[in-house]
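K.L.:
Spelled out from the first residue to the last, the chains are:
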Amino acid sequence: MAKEIHVRIKRQAGPDAKSYWEEFKMPYESGHNCVSVLMYLREHPVNAKGEKVEPVVWESNCMEEVCGACAMIVNGTPRQACAALIDELQQPIVLEPLTKFPIVRDLQVDRQAMFDALLAVKAWVPIDGTQDIHRHAPLISPKEQDIRYLFSRCMSCGCCLEVCPQYRKDARFIGPAALGQVRLHNSHPTGGFFKEDRLHVLMEPGGIADCGNAQNCVKICPKDIPLTSAIGELGRQTTIQWLRDLFVK
Amino acid sequence: MAKQPIAVIGGGLGGLWATLRIVEDGFPVNLFSLFPVKRSHSCCAQGGINAVLDIKGQDDSVWQHIVDTIKGGDYLADQPPIKSLCEGAPGLIRTFDRMGVTFSRTPEGIMDQRLFGGVKNRRTCFAGATTGQQLLYAVDEQVRAHEAKGMVTKYEFWDFLSLVLDDEGDCRGLTAMDLNSMEVRAFPAGAVVLATGGLALTYGRSTMSSNSTGAPASQVYQQGAKFANGEFIQFHPTGIPGHDKNRLMSEACRGEGGRIWVPKKAGDTRDPLEIPEKERFYFLEEWYPAYGNTVPRDVASREVCRVVRHMGLGIGGKDLVYLDLTHLPRDFLETRLGGILEMYRTFVGEDPCERPMAIFPATHYSMGGLWVDFEKDERTGAMASVSPKNHATSIPGLYACGECDFAYHGANRLGANSLLSASFSGRVAGDAAVAYVKNFAKGGQELSESDYESERKRQDGINRTIIASDGNENTFALHHETGDLMRELVFVERSNDGLDRSLDELAKLKERSRNISLDDKGSWANQSLAWARQVQDMIVLAEVIAKCARQRDECRGSHYKAEFELKIPEGKFEGDPEYDEYKAQWKTNNDKWLKHTIVTHSEDGPQIEYKPVDTSILAPEKPRDYR
Chain R
1 MAKEIHVRIK
11 RQAGPDAKSY
21 WEEFKMPYES
31 GHNCVSVLMY
41 LREHPVNAKG
51 EKVEPVVWES
61 NCMEEVCGAC
71 AMIVNGTPRQ
81 ACAALIDELQ
91 QPIVLEPLTK
101 FPIVRDLQVD
111 RQAMFDALLA
121 VKAWVPIDGT
131 QDIHRHAPLI
141 SPKEQDIRYL
151 FSRCMSCGCC
161 LEVCPQYRKD
171 ARFIGPAALG
181 QVRLHNSHPT
191 GGFFKEDRLH
201 VLMEPGGIAD
211 CGNAQNCVKI
221 CPKDIPLTSA
231 IGELGRQTTI
241 QWLRDLFVK
Chain U
1 MAKQPIAVIG
11 GGLGGLWATL
21 RIVEDGFPVN
31 LFSLFPVKRS
41 HSCCAQGGIN
51 AVLDIKGQDD
61 SVWQHIVDTI
71 KGGDYLADQP
81 PIKSLCEGAP
91 GLIRTFDRMG
101 VTFSRTPEGI
111 MDQRLFGGVK
121 NRRTCFAGAT
131 TGQQLLYAVD
141 EQVRAHEAKG
151 MVTKYEFWDF
161 LSLVLDDEGD
171 CRGLTAMDLN
181 SMEVRAFPAG
191 AVVLATGGLA
201 LTYGRSTMSS
211 NSTGAPASQV
221 YQQGAKFANG
231 EFIQFHPTGI
241 PGHDKNRLMS
251 EACRGEGGRI
261 WVPKKAGDTR
271 DPLEIPEKER
281 FYFLEEWYPA
291 YGNTVPRDVA
301 SREVCRVVRH
311 MGLGIGGKDL
321 VYLDLTHLPR
331 DFLETRLGGI
341 LEMYRTFVGE
351 DPCERPMAIF
361 PATHYSMGGL
371 WVDFEKDERT
381 GAMASVSPKN
391 HATSIPGLYA
401 CGECDFAYHG
411 ANRLGANSLL
421 SASFSGRVAG
431 DAAVAYVKNF
441 AKGGQELSES
451 DYESERKRQD
461 GINRTIIASD
471 GNENTFALHH
481 ETGDLMRELV
491 FVERSNDGLD
501 RSLDELAKLK
511 ERSRNISLDD
521 KGSWANQSLA
531 WARQVQDMIV
541 LAEVIAKCAR
551 QRDECRGSHY
561 KAEFELKIPE
571 GKFEGDPEYD
581 EYKAQWKTNN
591 DKWLKHTIVT
601 HSEDGPQIEY
611 KPVDTSILAP
621 EKPRDYR
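Taken in order, these protein sequences are the chains called R and U. In terms of the working numbering, the first sequence has 17 at position 17, counting the first letter as 1, and numbering is strictly consecutive. In terms of the working numbering, the second sequence has 329 at position 329, counting the first letter as 1, and numbering is strictly consecutive.
Rather than coming from a laboratory, the hints here were simulated on the basis of the structure. All C-beta atoms in this analysis are idealised placements derived from N, C-alpha and C, irrespective of residue type, glycine included. Keep in mind that the hints are not guaranteed to be accurate.
DSS-like mimics (lysine-lysine), calculated; alpha carbons at most 30 Å apart, straight line [stated by the list, open to error]:
hint, chain 1, residue 1, chain 2, residue 2
1, U, K149, R, K100
2, U, K149, R, K195
3, R, K219, R, K195
4, U, K508, R, K52
5, R, K10, U, K521
6, U, K318, R, K3
7, R, K100, U, K521
8, U, K521, R, K52
9, R, K52, U, K318
10, R, K18, U, K521
11, U, K521, U, K510
12, R, K49, U, K521
13, U, K120, R, K143
14, U, K521, R, K25
15, U, K149, R, K169
16, R, K143, U, K56
Beyond 12 Å from chain R on every Cβ pair, some chain U residues (computed) [as the list claims (entries may be wrong)]:
hint, residue
17, K3
18, G169
19, S212
20, P329
21, K438
22, K457
23, D470
24, D497
25, E565
26, K567
27, E578
28, K592
29, P623
Start from the sequences and build out the full structure, keeping to the hints where you can.
P.N.:
Take a look at the structure:
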């Protein structure tokens, strides 16, 4: 068993600074994950050369793989760092920030684009206020419910965008995460009232036609969200919408 | 004239509900959060949310929910707000349902309900095993709809620093720090709603998210807001100890049939699967035949500690007991507990369907928090539906909701009541803040620029002092030490000796927290600086918790001091003379201790006074008895 934990971290002091690699070593203990390692290192910010350095900056919160904050590239794979157990990783463990988003500092990136996308596609169910209207939502079958639940667990971590060849800083593609949310909300009995609006967004440049069908998103999603079936379904929905726009004015 | 915005601090369930209510009333909201609100700690709540829908033919009633909540909290919560909470729950659930929450369904397509701890009826709505996440996302989406209309401005990656108070002590705005540029800014606000969640990071490792420091609550407490019932901290009986946090196994495990046991023989080193049934000690089932493994959390935590620390029966002599699901069918478990089983597999690397889990109590929830008021509706006996007094702190214009307030849960919170109280109190606080602004004589007027600027400068000065400080303490190590201290001396079992010691130690830690040296002195995304401020605030809260605990010489809910325990005489019930004597002692103790601890900040540390509890709905006539 390893006597120490050896980590290589890609660092960058700010958005416009030059990136560099820094190595760290710490005593081995079982049960560590990548975030608990970063926590140890910020308390003991000394690199492998024995130099005192500024603590590494990263984002994390829930530590249970439900909040989406700590997504980064661990040994070449984008994933939640809190769920990346040291005992299951090859050393030296290489940590890099996600590459599809602007760097804030070190491992922290700015994923505002993901939330902007949710806004653009109206990823919500329209309700007439939060007051009690003494009625529930329309009935939803357990079967449809089970499918919806798969999509509603998307935590906007950005892993699917990281591996999508079409999602680039210089391109407009909205990306699989937002498409999954369109699938989710279109399938709700009242969420579907915005279906047309959402589909029209997806029929514009940067919409569904930009998907290159690489299918990387569905493989990387930490929540196993069936993103490609959502995209397939939305492809059909947009086609029907296109025809409807053509003939029903 | 444009309406002055109301500020909401914190974007979990409480903050987002408050936001929705405020914008629905036509007031713009400035919403501040340490991170994108979608990542708030509410997403960690797994099990469910209580509301009486009575869909299981059990004659469940709102009255029973009220009684369970009052008794679960050992009578230490004001009862009119509890009545409103339970009466409001079904409507709140209907609204969540309309928002599209993916609640688990019955075969006919209505919301399903499950059993939870401390309750005999199936009253808990759930969405797989990620109920909190699903509820949070629903309100996040609704807030985004208002953001699209320009009614909500989000300040994400901003840290709340302080309130801006006028000469009369009224809250007129706040200061906050951009966590990237480290710029400090002052924001005028008609009212401020604090929805900043729990404080469990004062215990170092806990079940909470790594940002749940309680620092904003500590900050406003230091600016004059009263804090209440700090000694009441819930320790979740089924935590999984870890380096970074203590992850928790939801109470749903017990609700769905999970059994807690230890080997009967101390120091038994056999694999759990090789220990035959008759050599296992199912202590909760034996000691509490009526409730068995679903006793309330405080009882479960204490009994786990008893079995481990006093009877020496912890697994392999360690602070661990088994939580066993292996007797239940895999399909059933996957359907009912899928998400949390997945979590255990991910973080421990074992399958809980095959092997019993090893667990121990973990710091989980603060029943105490900022003191908040309510207006009683004399006609109904509940809280008035809209009033500027509801959820108002002792600072005019400052409201608090969610875990950072002290309402509803008394001395102990029932499972699945926290998502309910977070949402409900957010709704109430949002309405109250609007009512305040509409009725407030100074409403709509800002203070002069220089009043905001002076507070901004003061906060900026604190940053400069910390950056310039050249002491020998490490802020991260100090947090570690504070947590270790709290988990040793201010934990499930408390003693006055231990608490005295903790107060001495905390005084030293407080001193040391001013003598730090940051390893990062930069001015861009300096997480060490933000953390150093939060650690100072956490130590202040730790002192409040320890002092409140030291002063309360009794056992109530989660607060337990063995030397003051009133034991139910074994095998005796109502009518037996021994039991009647116990009941008389219990009443005498209530006369002395059934009161809120109210804490005021001073330079000499926390000043404590007591305030009566409103028990107008269910007077404490009978002790809790879960046998």
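K.L.:
Each hint: holds or not?
P.N.:
Status of each hint after checking the structure:
Restraint check: the Cα-Cα separation between U/K149 and R/K100 comes to about 28 Å, which is no more than 30 Å; the hinted pair holds. Straight-line distance between C-alpha atoms of U/K149 and R/K195 comes to about 19 Å, which keeps the hinted pair within the 30 Å bound. The hinted pair formed by R/K219 and R/K195 meets the criterion: a straight-line CA distance of about 27 Å does not exceed 30 Å. In summary, the hint linking U/K508 to R/K52 is supported, as the alpha carbons are separated by about 27 Å, within the 30 Å threshold.
Restraint check: the Cα-Cα separation between R/K10 and U/K521 comes to about 20 Å, which is no more than 30 Å; the hinted pair holds. Taking the CA atoms of U/K318 and R/K3, the gap is near 24 Å; set against the 30 Å cutoff, the hint holds. This hinted pair checks out: R/K100 and U/K521 have alpha carbons roughly 29 Å apart, not beyond 30 Å. Distance check on the hinted pair: U/K521 and R/K52 sit about 13 Å apart at the alpha-carbon level, within 30 Å; holds.
A threshold of 30 Å between alpha carbons decides the hint, and for R/K52 with U/K318 the separation of about 37 Å lies outside it, so the pair is violated. Taken as a hint, the R/K18 and U/K521 pair is honoured in the structure, with Cα atoms around 19 Å apart against an allowance of 30 Å. With a C-alpha separation of about 21 Å, the suggested pairing of U/K521 with U/K510 holds against the 30 Å cut-off. Proposed proximity of R/K49 and U/K521 is supported: the alpha carbons are some 21 Å apart, at most 30 Å.
Between the alpha carbons of U/K120 and R/K143 the distance comes to roughly 29 Å, so the proposed pair stays at or under 30 Å and holds. With a C-alpha separation of about 23 Å, the suggested pairing of U/K521 with R/K25 holds against the 30 Å cut-off. For the suggested pair U/K149 and R/K169, the alpha carbons sit about 27 Å apart, so the restraint of at most 30 Å is met. Note on R/K143 and U/K56: the hinted pairing holds, with a Cα-Cα distance of about 21 Å set against a maximum of 30 Å.
Even its closest Cβ contact with chain R, about 19 Å, leaves U/K3 beyond 12 Å, as expected for a residue assigned away from the interface. Against the 12 Å criterion, U/G169 stays outside the reach of chain R, whose nearest CB is about 32 Å from its own CB. For U/S212, the condition that its CB be more than 12 Å from all CB atoms of chain R is violated, with the nearest at approximately 9 Å. For U/P329, the non-interface assignment is confirmed: its Cβ lies about 18 Å from the closest Cβ of chain R, beyond the 12 Å cut-off.
At roughly 18 Å from the closest C-beta of chain R, the C-beta of U/K438 stays outside 12 Å, upholding its exclusion from the interface. A cut-off of 12 Å between C-beta atoms confirms that U/K457 is not in contact with chain R; the least separation is 26 Å. Distance to chain R confirms U/D470 as a non-interface residue, since its nearest Cβ pair spans about 14 Å, more than 12 Å. Even its closest Cβ contact with chain R, about 30 Å, leaves U/D497 beyond 12 Å, as expected for a residue assigned away from the interface.
Separation of U/E565 from chain R is adequate, the least Cβ-Cβ distance of about 35 Å exceeding the 12 Å criterion. The claim that U/K567 lies off the interface holds: its Cβ sits roughly 38 Å from the closest Cβ of chain R, which is beyond the 12 Å cut-off. Here U/E578 stays apart from chain R, with its beta-carbon at least about 46 Å from theirs, past the 12 Å limit. Distance to chain R confirms U/K592 as a non-interface residue, since its nearest Cβ pair spans about 41 Å, more than 12 Å.
Consistency note on U/P623: stated as away from chain R, and its beta-carbon is indeed over 12 Å from all of that chain's, at 36 Å minimum.
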